[in-house]
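Note that the protein sequences, when read in sequence, are chains A and B.
So for the first sequence, full-length UniProt numbering puts the first residue at 1; every next one is plus one.
So for the second sequence, full-length UniProt numbering puts the first residue at 1; every next one is plus one.
A few chain B positions that, by computed beta-carbon distances, are all more than 10 Å from chain A:
hint, residue
1, 3
2, 5
3, 9
4, 12
5, 36
6, 41
7, 46
8, 69
9, 133
From chain A, some residues computed to sit far from chain B (all C-beta separations above 10 Å):
hint, residue
10, 30
11, 82
12, 112
13, 238
14, 387
Derived contacts from chain B toward chain A, CB cut-off under 10 Å, selection only:
hint, residue
15, 21
16, 24
17, 28
18, 52
19, 54
20, 72
21, 73
22, 74
23, 75
24, 76
The set of hints was computed from the structure by calculation and includes no laboratory data.
For glycine and all other residues, C-beta sits at the position ideal for the given N, C-alpha and C.
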Amino acid sequence: MFDVQKVRADFPILSQQVNGKPLVYFDNGATSQTPQVVIDAIVDYYSRYNANIHRGVHTLSQLATDAYEEARLKIQKHFNAKHSYEIILTSGTTESINLVANGFASILQKGDEIIVSALEHHSNIVPWQMLCEHTGAILKVIPMSLDGDLIMDEYDKLLSNKTKLVFCNHISNALGTLNPIEYIIKKAHEVGAAVLIDGAQACPHLKPDVQALDVDFYVTSAHKMCGPTGVGMLYGKEEWLRKLPPYKGGGEMIATVTFEKTTYADLPHKFEAGTPNICGGIAFGAAIDYMNAIGFDNIAKQEQELLEYGTKRIQEIEGVTIYGPKDLSKKASVISFNIDGIHPYDIGTIIDKLGIAVRTGHHCAQPIMDFFKIPGTIRASFAFYNTKEEIDIFVEAVKKAKLMLS
Amino acid sequence: MNIQAIQEDIVDEFSMFDDWMQRYEYMIELGKTLPLIDEKYKTEDNIIKGCQSKVWVHAEENDGNIVFTADSDAILTKGIIAILIRAFSNQSAKAILEANTDFIDEIGLKEHLSPTRANGLVSMIKQIKMYALGFNAKNN
Numbered sequence: 001m002f003d004v005q006k007v008r009a010d011f012p013i014l015s016q017q018v019n020g021k022p023l024v025y026f027d028n029g030a031t032s033q034t035p036q037v038v039i040d041a042i043v044d045y046y047s048r049y050n051a052n053i054h055r056g057v058h059t060l061s062q063l064a065t066d067a068y069e070e071a072r073l074k075i076q077k078h079f080n081a082k083h084s085y086e087i088i089l090t091s092g093t094t095e096s097i098n099l100v101a102n103g104f105a106s107i108l109q110k111g112d113e114i115i116v117s118a119l120e121h122h123s124n125i126v127p128w129q130m131l132c133e134h135t136g137a138i139l140k141v142i143p144m145s146l147d148g149d150l151i152m153d154e155y156d157k158l159l160s161n162k163t164k165l166v167f168c169n170h171i172s173n174a175l176g177t178l179n180p181i182e183y184i185i186k187k188a189h190e191v192g193a194a195v196l197i198d199g200a201q202a203c204p205h206l207k208p209d210v211q212a213l214d215v216d217f218y219v220t221s222a223h224k225m226c227g228p229t230g231v232g233m234l235y236g237k238e239e240w241l242r243k244l245p246p247y248k249g250g251g252e253m254i255a256t257v258t259f260e261k262t263t264y265a266d267l268p269h270k271f272e273a274g275t276p277n278i279c280g281g282i283a284f285g286a287a288i289d290y291m292n293a294i295g296f297d298n299i300a301k302q303e304q305e306l307l308e309y310g311t312k313r314i315q316e317i318e319g320v321t322i323y324g325p326k327d328l329s330k331k332a333s334v335i336s337f338n339i340d341g342i343h344p345y346d347i348g349t350i351i352d353k354l355g356i357a358v359r360t361g362h363h364c365a366q367p368i369m370d371f372f373k374i375p376g377t378i379r380a381s382f383a384f385y386n387t388k389e390e391i392d393i394f395v396e397a398v399k400k401a402k403l404m405l406s
Numbered sequence: 001m002n003i004q005a006i007q008e009d010i011v012d013e014f015s016m017f018d019d020w021m022q023r024y025e026y027m028i029e030l031g032k033t034l035p036l037i038d039e040k041y042k043t044e045d046n047i048i049k050g051c052q053s054k055v056w057v058h059a060e061e062n063d064g065n066i067v068f069t070a071d072s073d074a075i076l077t078k079g080i081i082a083i084l085i086r087a088f089s090n091q092s093a094k095a096i097l098e099a100n101t102d103f104i105d106e107i108g109l110k111e112h113l114s115p116t117r118a119n120g121l122v123s124m125i126k127q128i129k130m131y132a133l134g135f136n137a138k139n140n
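Work out the full structure: start from the sequences and follow the hints.
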């Protein structure tokens, strides 16, 4: 039985006061909070078995190696990857994307095409622009509708035998749109293109099955799903990971005699040069355990309730425009909105003083803001540990700020 | 009135407020008094970088003094610019260049505004000083 108060007690940070008010944390889209079990895993690692992995024969090194590899297995199981070596531990989504982009630099030819969606985070646009500059490939964009949905008819038209790679986020960070990635993957495969899905915003809400999706690459960050910052993963199909050159150190190092075969010899270590974020990886595993113990069905149910309730309450405020899908079943628990005539930043600054954490601004998705011709939005993103009472506090705070600013 | 005296006045005014709410309400009021920039100067070149909201600042010479006008799409930001303009507008380039900006800390603006906004504040001051530097170089 899901009991939100019991769940909240798992998160020490949630019980504190900010600016003299109880914290209302609605910036989960930027980073989620950390439960005590994950904090304990971090403390335990540094207190008991901090050592470098895959190298030492001594006991601590073996304990650390075992724990790190166990975390990889947990991640493999969670995402249902076929092999554990298809899970590459990285510093996060951005590094994972750059790793793939870097690999494709040696695959793409001039005139090849890359398709990205109009709903992308900057981290999903810039690496591809750089890749295109470097290779002479061409970047195409799947446009979106006024409801913040990607237009699939337009996507179909962009696909051709020139398409080599398609990029799309699973859920948009700015609007919360749940994208039709099954369709996107299927159609890309019909023309022989690979697909990378950015799951950073999706993984806190749902449990992707990479084999069922038949996706070529899937990336995410631990800190969006109750884990620590500075660690994330790249899932890649074995055939693709074998095809891509190593990332760190650069492709040219492969040919030199000083290249250490033991480090780069096989997957996943080929992409994990240097000492990794050992503690982070282990804590990522603990976070996955925690979220599965809560249960993704419970998470989805609680968040959908918060989304419906929050949408209803925010719509009570006069002059509100909510951006993103109207159909709440096609949306994550994110409400991105503006109030007529008021800058989102003014609202954010004032409600911060009332103990409320939301994101304001363009959410690293400037093209989306340009599309709607707005400077940014106020984004409230809910996690399973949030409550309807917090939404009430939030709505009252926004009303108060609006009164001050009108 | 010289810059130092104006700054002291501003610090006095802000010291009357007990809490952030009154402080912000006052800033919103000040924002409404901002001498607005002529629409024709609201260009990309006049946008100050480092602010989450858009800020435009324009400077002109009048009787040997520099007169600033500005605008922003966020009202709290307008309040901050209004405070800066009150301190620095209608002063000589030399006086602006020599003035310090400790009063910003004293009225608690830097501490009370979020880091991105505080960066914007620093950029605004820098821009005001740059204008003064420009006019100073031109006149000497």
